[in-house]
Amino acid sequence: MTRTRKPGVSRRATLAMMGAGAVSFATPWVARAQAKTIKVGMPTILSGRVAQLGTSSRNGVMLEVEKVNAAGGLAGRQIEMVIRDSKGQPQEAARVARELVNTDGCEILIDAEASSGAFAVHEVARDLGVLCLHTNSETSALTADPKQHIPNAFRTARQGVHDSIVGGSYAATIAKAKGLKKWATCSPDYAYGRDTTGEYVTYLKRFAPDIEIISESWPKLFQPDYTEVVTKILQAKPQALYSCLWGGDLTSYIDQANIYALFSQMEVFAVNMADYTALTVVKNLPKGIHSGNRYIKTYPATPENAAWGDAYKAKYNEYPTNWSWENATAIMLLAEASKKANSADGKKIAEALRGLKIKSPFGADGTVTMRAEDQTLVGYAIGWGTTIPQEPYVPQVQAGDWKTIFELEAEWKKSKGYA
Amino acid sequence: MDLDALTGCLASSACLVTQTTSGFIIGMLLFLVAVGLTLIFGVLKVVNFSHGAFYMFGAYFAMTAYQFSGSFALAMLCGAAGTAILGLIFERVFMSRVYGADVLMQLLVCYAFVLIFDDVVRMIWGPEFKSMGMPAAFQVVPLFIAGGVVPPYYLLLIGVALTAAMILGLGLARTRIGKVIRAAAHNPGMVSALGINTGLIYGGVFALGGMLAGLAGALAAPVRSLTPGMGFSVLIESFIVTVIGGMGSILGALIGALLIGMIRSFGSLGFPLFTEGLMYLFMVIVLVSRPTGLFGKEVA
Numbered sequence: 042m043t044r045t046r047k048p049g050v051s052r053r054a055t056l057a058m059m060g061a062g063a064v065s066f067a068t069p070w071v072a073r074a075q076a077k078t079i080k081v082g083m084p085t086i087l088s089g090r091v092a093q094l095g096t097s098s099r100n101g102v103m104l105e106v107e108k109v110n111a112a113g114g115l116a117g118r119q120i121e122m123v124i125r126d127s128k129g130q131p132q133e134a135a136r137v138a139r140e141l142v143n144t145d146g147c148e149i150l151i152d153a154e155a156s157s158g159a160f161a162v163h164e165v166a167r168d169l170g171v172l173c174l175h176t177n178s179e180t181s182a183l184t185a186d187p188k189q190h191i192p193n194a195f196r197t198a199r200q201g202v203h204d205s206i207v208g209g210s211y212a213a214t215i216a217k218a219k220g221l222k223k224w225a226t227c228s229p230d231y232a233y234g235r236d237t238t239g240e241y242v243t244y245l246k247r248f249a250p251d252i253e254i255i256s257e258s259w260p261k262l263f264q265p266d267y268t269e270v271v272t273k274i275l276q277a278k279p280q281a282l283y284s285c286l287w288g289g290d291l292t293s294y295i296d297q298a299n300i301y302a303l304f305s306q307m308e309v310f311a312v313n314m315a316d317y318t319a320l321t322v323v324k325n326l327p328k329g330i331h332s333g334n335r336y337i338k339t340y341p342a343t344p345e346n347a348a349w350g351d352a353y354k355a356k357y358n359e360y361p362t363n364w365s366w367e368n369a370t371a372i373m374l375l376a377e378a379s380k381k382a383n384s385a386d387g388k389k390i391a392e393a394l395r396g397l398k399i400k401s402p403f404g405a406d407g408t409v410t411m412r413a414e415d416q417t418l419v420g421y422a423i424g425w426g427t428t429i430p431q432e433p434y435v436p437q438v439q440a441g442d443w444k445t446i447f448e449l450e451a452e453w454k455k456s457k458g459y460a
Numbered sequence: 061m062d063l064d065a066l067t068g069c070l071a072s073s074a075c076l077v078t079q080t081t082s083g084f085i086i087g088m089l090l091f092l093v094a095v096g097l098t099l100i101f102g103v104l105k106v107v108n109f110s111h112g113a114f115y116m117f118g119a120y121f122a123m124t125a126y127q128f129s130g131s132f133a134l135a136m137l138c139g140a141a142g143t144a145i146l147g148l149i150f151e152r153v154f155m156s157r158v159y160g161a162d163v164l165m166q167l168l169v170c171y172a173f174v175l176i177f178d179d180v181v182r183m184i185w186g187p188e189f190k191s192m193g194m195p196a197a198f199q200v201v202p203l204f205i206a207g208g209v210v211p212p213y214y215l216l217l218i219g220v221a222l223t224a225a226m227i228l229g230l231g232l233a234r235t236r237i238g239k240v241i242r243a244a245a246h247n248p249g250m251v252s253a254l255g256i257n258t259g260l261i262y263g264g265v266f267a268l269g270g271m272l273a274g275l276a277g278a279l280a281a282p283v284r285s286l287t288p289g290m291g292f293s294v295l296i297e298s299f300i301v302t303v304i305g306g307m308g309s310i311l312g313a314l315i316g317a318l319l320i321g322m323i324r325s326f327g328s329l330g331f332p333l334f335t336e337g338l339m340y341l342f343m344v345i346v347l348v349s350r351p352t353g354l355f356g357k358e359v360a
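If you read the protein sequences in the order shown, they are chains F and Y. Quick note: the first sequence, position 142, residue 183 per the numbering used here, numbers continuous. Quick note: the second sequence, position 179, residue 239 per the numbering used here, numbers continuous.
Only chain F is shown next, with the shape it has when bound in the complex (with noise of 0.2 angstroms):
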């Protein structure tokens, strides 16, 4: 389609111009000196199936984003942030993020997709050499392995192997307690669900060595319908379940699973369910389903937290999820170091991540630490508990302990040739 334009100035421009004209005589003339503004570009997702958690993560940056920049932003500079949305897609989420820094002037990458894309945005900022903080992608290989690491990369996120050792410890505690020796295993068919399932079940049966699995079931991602794993596993007649189904098709899961009575017949381990996107959701929970934390405003119970969650309600309308923590992190660690390093400078910055301990409402003991041998983040709160149909839906969340989580990721390094 072609427009003809008509010679002279068009209206668009004229209000431009009156608008940078009102902005200017209002605005002081030393403030707009100084300040100039650091761009922040972020990749994510924001249509398709998991809109929710990438404008969860948005909500979670310009959350923190406005706490930094009321306080002077980076260095003196305001953070601008630069929010794109790559579909869910990696090759999109790598040109979305190339653009940011080659057009838009973005210093700093705030790199908010799944793992897909993670990896994806990973190779743009090797290339690029920019800042890049991970936020969401929890595939441990991300950091664990040599052949990723980059010294201007960092992860935000908590890693699924940190995951599977605590949950793993956790579910053997209660199999022994219990006597839980069958079980049945029914995660989603692509690579998150067979590697956390997979990892989930060696650590399990470290520390419980006479369980047997004796059903897997694999549906595929999104499957609409679960009438027949349901089934299944109540053929198999096991103790316990494991799944890492999440988002809506746990939720139908457990709806499907619900009229067979599933959760009376066995202790059932979810390690997504505790998170405030699955928990609103369900109308009728089941009581004592064992999961990992993801995000709950109660757990660490601290008034730190509490605040946080709650002041995200407030201003969003809705809890935090997951992804929302983990990307609030990037932000008060950028702030950190930026104020370390006194600079707004990403390789300054990149230097003074290494090692950063920062206080952190997330934390087990109230700080997290960005650890500097592998970049990624640590000390962040983990534990599983069982659920209750209300708030606060898992009244008691047993901690993971961090020095077995060190000693045990030392080892499975080892044994992957990572270390």
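Incorrect hints may have been included.
[Unchecked claim] Beta-carbon label-pair distances, calculated as ranges:
#, chain 1, residue 1, chain 2, residue 2, range
1, Y, Ser-156, F, Asp-230, 16 to 26 angstroms
2, Y, Ile-149, F, Lys-219, 50 to 60 angstroms
3, F, Gly-458, Y, Ala-196, 22 to 32 angstroms
4, Y, Asp-162, F, Asp-230, 32 to 42 angstroms
5, Y, Ser-72, F, Glu-253, 13 to 23 angstroms
6, F, Gly-396, Y, Asp-64, 49 to 59 angstroms
7, Y, Tyr-171, F, Thr-408, 49 to 59 angstroms
8, Y, Val-158, F, Gly-458, 55 to 65 angstroms
9, Y, Ile-184, F, Asp-406, 44 to 54 angstroms
10, Y, Ser-72, F, His-190, 52 to 62 angstroms
11, F, Ser-456, Y, Ala-196, 49 to 59 angstroms
12, F, Gln-431, Y, Tyr-171, 21 to 31 angstroms
13, Y, Asp-162, F, Ile-254, 46 to 56 angstroms
14, Y, Asp-64, F, Ser-456, 26 to 36 angstroms
Calculated directly from the structure, the hints in this document are not laboratory data. Because the structure is a prediction, the values reported are computed rather than measured. Glycine is no exception: its CB is placed at the ideal position from the N, C-alpha and C atoms.
Fit chain Y to the given chain F structure using the hints.
Showing chain Y alone in chain F's frame:
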């Protein structure tokens, strides 16, 4: 492959009952969607790729009605009636314009509406997934028949779907309207020449098809999560059903849907890693041996 589990199940009455009902549930919901698809194709000669959207709307209408009224019956009614009206409007305003057109044109219009309808749902109900919740009346202990587990809600679901199948089959075969519809499918020009309003029949058939898919969505709403785009996976399976059963055949849709249900149900025991593949494999076998489907008629 786990043939021991399959033979073990076939030998035990408890397992047989549980898996058979499981197959029925999957099959009957699929039937309701597929029969609308096949009906619309049989009469209008249009492959309605946007059919899954009616399933989605049925679920959302039911959920909203249930939230406002708390009545399960009203929710089902709203799901079915709402999609019937939607189907009628969609047919009269848009689909009726492309009847004579190229298949690609029809496909394009339908696909456009798949995207439009998904976005409409996103605008009205939001992008996040929703759950309707099981009505209190059905939150009961499942029945145990011959040792097998049968949830009461699923009995209702199977009953409703079977009733719909019977009314539809008898209605088309025995009533005057049924005869007119069949005649319109066969020779619309002649029916029109006899002074019958074919536009009304086309609209009515589309509305009926939409209503059946909407009813399926409404019945599924208490047990499946609701998301924009939820119609798509159901649509694909419905196509498999119609291909197996034969395009345009109601009995074919019923048998095809039940076969798919049973394949999923028993296949997940015997071939846990190949359940999906089994479905397609079966379709291929049918297509090779009977290209028009099990109950399809030769196209002249």
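Status of each hint after checking the structure:
| no. | hint | in the structure |
| --- | --- | --- |
| 1 | Y:Ser-156 / F:Asp-230: 16 to 26 angstroms | violated, 42 angstroms |
| 2 | Y:Ile-149 / F:Lys-219: 50 to 60 angstroms | holds, 57 angstroms |
| 3 | F:Gly-458 / Y:Ala-196: 22 to 32 angstroms | violated, 55 angstroms |
| 4 | Y:Asp-162 / F:Asp-230: 32 to 42 angstroms | holds, 38 angstroms |
| 5 | Y:Ser-72 / F:Glu-253: 13 to 23 angstroms | holds, 21 angstroms |
| 6 | F:Gly-396 / Y:Asp-64: 49 to 59 angstroms | holds, 55 angstroms |
| 7 | Y:Tyr-171 / F:Thr-408: 49 to 59 angstroms | holds, 52 angstroms |
| 8 | Y:Val-158 / F:Gly-458: 55 to 65 angstroms | holds, 59 angstroms |
| 9 | Y:Ile-184 / F:Asp-406: 44 to 54 angstroms | holds, 45 angstroms |
| 10 | Y:Ser-72 / F:His-190: 52 to 62 angstroms | holds, 54 angstroms |
| 11 | F:Ser-456 / Y:Ala-196: 49 to 59 angstroms | holds, 51 angstroms |
| 12 | F:Gln-431 / Y:Tyr-171: 21 to 31 angstroms | violated, 43 angstroms |
| 13 | Y:Asp-162 / F:Ile-254: 46 to 56 angstroms | holds, 54 angstroms |
| 14 | Y:Asp-64 / F:Ser-456: 26 to 36 angstroms | holds, 33 angstroms |
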